[in-house]
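Could you put together the complete structure from these sequences and hints?
There are 2 protein chains.
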Amino acid sequence: MNTLTVDLGDRSYPIRIGSGLMASPALFEPAILGRQVMIVTNETVAPFYLERLKHILTRYQVDTTILDDGEAFKNLKSFDLIMDHLLTQHHSRGTTLIALGGGVVGDLTGFAAACYQRGVNFIQVPTTLLSMVDSSVGGKTGVNHRMGKNMIGAFYQPKAVIIDTDTLKTLPAREMAAGMAEVIKYGLIRDAGFLEWIEANLEAVMSLDPVALVHVIETSCRCKANVVSEDEREQDVRAILNLGHTFGHAIEAYCNYKDWLHGEAVAVGMLMAADLSSRLGWIDREAVERLSLLLSRCDLPVRPPLSMKPEDFMNYMALDKKVVEGAIRLVLLRAVGRAVVTADYPAAVLQATLAHFTTH
Amino acid sequence: MNTLTVDLGDRSYPIRIGSGLMASPALFEPAILGRQVMIVTNETVAPFYLERLKHILTRYQVDTTILDDGEAFKNLKSFDLIMDHLLTQHHSRGTTLIALGGGVVGDLTGFAAACYQRGVNFIQVPTTLLSMVDSSVGGKTGVNHRMGKNMIGAFYQPKAVIIDTDTLKTLPAREMAAGMAEVIKYGLIRDAGFLEWIEANLEAVMSLDPVALVHVIETSCRCKANVVSEDEREQDVRAILNLGHTFGHAIEAYCNYKDWLHGEAVAVGMLMAADLSSRLGWIDREAVERLSLLLSRCDLPVRPPLSMKPEDFMNYMALDKKVVEGAIRLVLLRAVGRAVVTADYPAAVLQATLAHFTTH
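Here the protein sequences come in this chain order: A and B.
The first sequence: position 268 = 268 (this note's numbering), numbered continuously.
The second sequence: position 329 = 329 (this note's numbering), numbered continuously.
If you are wondering where the hints come from, they were derived from the structure by calculation, not from laboratory data.
Built from N, CA and C at the ideal position, the CB exists for glycine as well.
Mixed in with the good hints, there may be bad ones.
Covered by chain A, according to a simulated footprint, are these stretches of chain B (three or more residues, beta-carbon under 8 Å) [as the list claims (entries may be wrong)]:
1) 85-96
2) 123-137
3) 143-157
Within a straight-line C-alpha distance of at most 27 Å, the following computed DSS-like cross-link-like pairs (lysine-lysine) qualify [as the list claims (entries may be wrong)]:
4) A:Lys-169 / A:Lys-54
5) A:Lys-309 / A:Lys-258
6) A:Lys-309 / A:Lys-77
7) B:Lys-159 / B:Lys-77
8) B:Lys-258 / A:Lys-77
9) B:Lys-258 / B:Lys-77
10) B:Lys-77 / A:Lys-258
11) B:Lys-77 / A:Lys-77
12) A:Lys-77 / A:Lys-54
Below, the structure written as structure tokens:
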């Protein structure tokens, strides 16, 4: 087992990464403060792992909330359902919520923990690659609104993140690929060497080679943890983690959060950001082609939905949280391995990128 | 104008108290960070003060959300309505929410500010005595759940609290009395001298004598601000602010948050806590009688609803946030002017108090 620490003063917490961690009560117990636990999971994950987790928590009152699966259920209604269950089962302020699932379960459970009785304890147990390397680390929690993704939420840190890599064995290949989009992101924004490592070792990762898997997850989590430690509430540098997300959110919103996985939308978004960066002369065209090839090798998409037009992007991007008083701020690549956040680019260059990706 | 500071490090903020403050843009502008403002108020307050406030905010994009009036609307549905308006009007992360109204508007708006895009700026402009001396100070925000009051929320501090005492001229007498319950509470928990001052000057306060009013509000806010500065997230000492609230919440919940005002329920709750304290030998019977007389002089109730039984109290109190792993913790009076939080009392004494207040 490898352990990283997210360094946030008195809100610091460990990330444990390894095989079979869900069999180890000793990893969970220090992060459970009282005698009550509420496991929140979904109908897809529950049959695989719920009993396994409950089995090691026999010392506690364990209740469960099983949600429908999918981004469409990351909303205030599911949030209210968790509140209902907590109150019906008389959970006190000393309770601990455990998020067992992917990013939707993690974001929703974290937000519920942030708000139940103005804040209770919670643990992230991510079961998808994407949530392992991204959403379970950093304390961003929340739900979607019909007018925009993650528009309602809180910054709220877990007591621990416990990543059992065995859970990836039951993850559909498409979700594994979606997680790789975020992994590739870390290379693009901060670590060109890691990007080269991924290009050289992609097959080992995709076939779940244990050593490759731990390396990928640990490197990604460390990158994210470092960025988050520098800037917990996204005042500045943390925003680079959103590489590809402004374009990506527009794709997801356009599709009503259906059909496209988050990671798939981010993959296309990153490629669009890279394209824009190359039009600004910051990276060369070859870097864009290399990225496109790597995404394709992961079976990730490299084009937005066929019916999407430049104005569709513009409409949804105007609602993005990264819009500060009107200007659309984007995460772009100054170089491969060095991302910057900027609203300082010619509008025509953004239009050229949008045109390029919407012309068929 | 008098100014107090709530001292919370980099989240410190001023409380301004005085007559005619709502006519002064210079008080608002330092607390408004961007160019967008959303005023949240209700149908009762809006006709009196909304235009007055908008009139001094001409430099900003000002949108408004007008809610129905009453505790029954302090719920996730109203919260969602504020989110809808913010998104429809394209409010960015740089927006400022202004809560113009009583405790319901303040708690709801504060919670909306805490959650919109994971946290935006907000200003409290309380228009009831209760919200001036209590809910607008301290950063407790949230909404009710049908199973319990304030069960969903966040600790989130405003950028400023602006108390224009002129707004009390339009406050119904019954609401003024309800606010006095919280004022009396500060005397009981921390300041026996203030309690004596209230006994001697009650008529001046109730007739809105400007000097008496500012003294009452400033002394109350200072007491609350001091307690909150010592313990922002209610780990220990802050809980004394809940004197009377555990019994009071049971009354409010029993009445489905109708008929009884929060301050009225707290008045009875404080008297019950005082009764219990005297049964423990901590304060003498005369102090309980003095409190009962003072509450009556304010036209506040001194008995729970006639139909309420001891088991009704016990059922609702078991759901209270102050219940830690089963034991009902209560705020009691070690002496007049000195409150303590304890679960260490004989169950029979609690039953005696409940019996005393439910026997007719």
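Going through the hints against the structure:
no.	hint	verdict
1	85-96	holds (count 6)
2	123-137	violated (count 0)
3	143-157	holds (count 9)
4	A:Lys-169 / A:Lys-54	holds, 20 Å
5	A:Lys-309 / A:Lys-258	holds, 18 Å
6	A:Lys-309 / A:Lys-77	violated, 32 Å
7	B:Lys-159 / B:Lys-77	holds, 25 Å
8	B:Lys-258 / A:Lys-77	holds, 25 Å
9	B:Lys-258 / B:Lys-77	holds, 18 Å
10	B:Lys-77 / A:Lys-258	holds, 25 Å
11	B:Lys-77 / A:Lys-77	holds, 10 Å
12	A:Lys-77 / A:Lys-54	holds, 25 Å
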